[in-house]
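Based on these hints, arrange chain B on the given structure of chain A.
There are 2 protein chains.
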Amino acid sequence: MVQILGFKEEFNRIKLNMKNEVNLLEKNGIVPHLVVFLIGNNGASEVYVKNKSKSCNEIGVNITVIRLPEDIDCCALIDKINYYNNDKFCDGILVQLPLPKHIDINTVVFNINPAKDVDCFTPYRLGKLCFLQPEDLIPPTPNAVIYVMDFIGIELRGKHVVIINDTILLGKPLTQLLLNMGATVTVCNIYTTDIETICRSADVIVTGVGKPDFILDNRFCRKGVAVIDVGIKEINGKVVGDVNIDDVDNASVVTKVPGGVGLLTISFLLQNIIKIAKLRLGHTIIEYGQMQNM
Amino acid sequence: MVQILGFKEEFNRIKLNMKNEVNLLEKNGIVPHLVVFLIGNNGASEVYVKNKSKSCNEIGVNITVIRLPEDIDCCALIDKINYYNNDKFCDGILVQLPLPKHIDINTVVFNINPAKDVDCFTPYRLGKLCFLQPEDLIPPTPNAVIYVMDFIGIELRGKHVVIINDTILLGKPLTQLLLNMGATVTVCNIYTTDIETICRSADVIVTGVGKPDFILDNRFCRKGVAVIDVGIKEINGKVVGDVNIDDVDNASVVTKVPGGVGLLTISFLLQNIIKIAKLRLGHTIIEYGQMQNM
Chain A
1490 MVQILGFKEE
1500 FNRIKLNMKN
1510 EVNLLEKNGI
1520 VPHLVVFLIG
1530 NNGASEVYVK
1540 NKSKSCNEIG
1550 VNITVIRLPE
1560 DIDCCALIDK
1570 INYYNNDKFC
1580 DGILVQLPLP
1590 KHIDINTVVF
1600 NINPAKDVDC
1610 FTPYRLGKLC
1620 FLQPEDLIPP
1630 TPNAVIYVMD
1640 FIGIELRGKH
1650 VVIINDTILL
1660 GKPLTQLLLN
1670 MGATVTVCNI
1680 YTTDIETICR
1690 SADVIVTGVG
1700 KPDFILDNRF
1710 CRKGVAVIDV
1720 GIKEINGKVV
1730 GDVNIDDVDN
1740 ASVVTKVPGG
1750 VGLLTISFLL
1760 QNIIKIAKLR
1770 LGHTIIEYGQ
1780 MQNM
Chain B
1490 MVQILGFKEE
1500 FNRIKLNMKN
1510 EVNLLEKNGI
1520 VPHLVVFLIG
1530 NNGASEVYVK
1540 NKSKSCNEIG
1550 VNITVIRLPE
1560 DIDCCALIDK
1570 INYYNNDKFC
1580 DGILVQLPLP
1590 KHIDINTVVF
1600 NINPAKDVDC
1610 FTPYRLGKLC
1620 FLQPEDLIPP
1630 TPNAVIYVMD
1640 FIGIELRGKH
1650 VVIINDTILL
1660 GKPLTQLLLN
1670 MGATVTVCNI
1680 YTTDIETICR
1690 SADVIVTGVG
1700 KPDFILDNRF
1710 CRKGVAVIDV
1720 GIKEINGKVV
1730 GDVNIDDVDN
1740 ASVVTKVPGG
1750 VGLLTISFLL
1760 QNIIKIAKLR
1770 LGHTIIEYGQ
1780 MQNM
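Sequences listed follow chains A and B, in order.
Once you know that position 97 of the first sequence is 1586 in our numbering, the rest is easy, because the numbers rise by one and skip nothing.
Once you know that position 103 of the second sequence is 1592 in our numbering, the rest is easy, because the numbers rise by one and skip nothing.
No copy is singled out in the list; a pair is fine if it fits within one copy or between any two copies.
SDA-like cross-link-like pairs, simulated, lysine to any residue; straight-line CA separation at most 25 Å:
| id | residue 1 | residue 2 |
| --- | --- | --- |
| 1 | K1745 | I1641 |
| 2 | K1767 | N1595 |
| 3 | K1700 | N1669 |
| 4 | K1590 | F1620 |
| 5 | K1722 | A1533 |
Honestly, the hints are just simulated from the structure, not real lab data.
Just chain A, with the same shape it has in the complex (with noise of 0.2 Å):
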C-alpha cells in the first residue's frame, strides 16, 4: 500500500519555528526585508508572488513588492536591483520569473547581489553547492527535496537517486547537495531514452516535469521505491504533479501535489531570508549575546 504524503502539518509547524526566529530578530531591532521584482502582468506570477507575501505577512518578514511595466529597458531593471544590492535593510531579492521575451534571465539574474540572492540562481551561489557550509544560502526547491527525503527516513549514502528535470531550479543544484552526501545520482531530460528502465534501477525517484503528456507510473517504479513529486501543470483546470497516484503501487511513498513539495519549497525560501538577516546580527555583536540569554 502506498503512502501519500502531504506537508501541510510541517510546513506550518516551520513556519511557527519560523515566526520564533523572526520575533528573536526583531528584539534586536532586526527585520528581515525580502525585495521581489514582479515585471509585467503574468497572472500566475500575481498568484507565486501573492503567495510568498502571505507567508512572509504570517512570520513576520517585510516583503516589497516592486511593480515594474512590461516594457522596462534590462539596464533599468538592473539598476533597481542594484539600489537593494547596497541597501543594508534588504536581506534577500528576489525576481519573479518568467521575465519579458526582450530581457535576458541570466543578465538580470547575474546581477543580483550573490549574498542577497535566496532563489540561489547566481554562479557563486550555485558554485558554493560543491562546499556547502551550515550558513551557506540554499535553493528553495532542491533543499525542499532533500528536507522530504530526510522525513521519510531515507539514509543517502549509497542510495540511488534519479532526477527527472537538468535545470539550474532542480536537477542541477540538487545533483551536487546529493553527491555531498553520499548518494549516487543520475539526471535525465527530454532525451532521455528508456527513462522508465533507468528509474527502475533507483531507490527514490525525483520527478519534477510538468508536462501535459508525462505521467510516472508504476512501469518506472521498482518495488518499495520513494517517488518525490515536484512536478506541477494544470489539467482541467485541476492542479496536478507527475505522479498518477491510482497506479504506482510499487512505490513505497509518493509526496503529493498540491500540497507537496512546493508548500516546502517556500518554507525553504524564508528560511533563505532570516539566514541572511541573522547576519546583520555579526554587526552588533552585544545584541547578539544578549538574544542568547533570552
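Coordinates of chain B only, in the frame set by chain A:
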C-alpha cells in the same frame, strides 16, 4: 576489437595552434603569464609543476613558480595570492595541490580571483558552468573529457554517460557540462552499490578512481561502450589508469594512461591562460583591430 586511443599527436597539434595564438598576442604586447604556487616539498607536485613549466615554455607562456615553505601561515599565503589577484600582468593563478595539512584548501582556493582561476576551483567558476558562455573558463580535466568524446564522434544528446568520480576535479563539473549538452548523466562514488550493473547501462564510461584496488574490466562494459580513463596510479613503479586494457573486449574505444586524457588536460589549462590573456586585448581596441588584419 577495442581501439586504444592516445593523444600525443593531438597534444602536439593543439600546442602548435596555441603557440600561434600566443605569437599573435605577443605582437600586441601581451605575454600570457601563469603564476603557480608550490608549497612545501611534495615530490609529485614538483613533477606536475615541472611538466606545466615545460609546456608553458614550449608555447611562449610566461610562468612564475612561487615556492613557499611547508610551514607557511595560511594568511601569508592568501596575501601572496592577493598580490597576483590584482596584478594586471598576471593572467592565471594556480595553487598546486595537495597543500600542507594545516592549511584549509577551500580557504585558499576561494581567495583566488575567479577571473584568473585557471583550474576552475572557485564557486563562481563552478557555478558558471551551468550557464556556459564561449568566453568562460572550463576546468581542464572535464574539458579534456568532453574533447575526447567529440574526438571519438559521440553525439552526446540522449546518450547515457556514467562517471565514476564525484569530486570538483572531475565528476561535479563534468556533470554540469554534459547536462548542458543533453546527455543523461549518472555519477557514482565509493558508496555506489552494484557499480558494474550501472556501468553496463552506459554509452560512455568516464572513470577517474586512481586507487590500486579498483580495476575496470569487461564486467563493467556492454557491447560498444566507449571508456575514457582519467584514473592514474602507480603499480610496481609503472603509471597506469583504472582500465585493464587486456580485458575490455566489449568496449569499442578505450583511452590510454599515460598519454591519454592527462596530456589533453595540460592543453586545456594552457588554453584557459590564453583565453584570459586575450581579455587584455579589450583594453587596447586598436591593437585588436590590427591583430585581426594580420
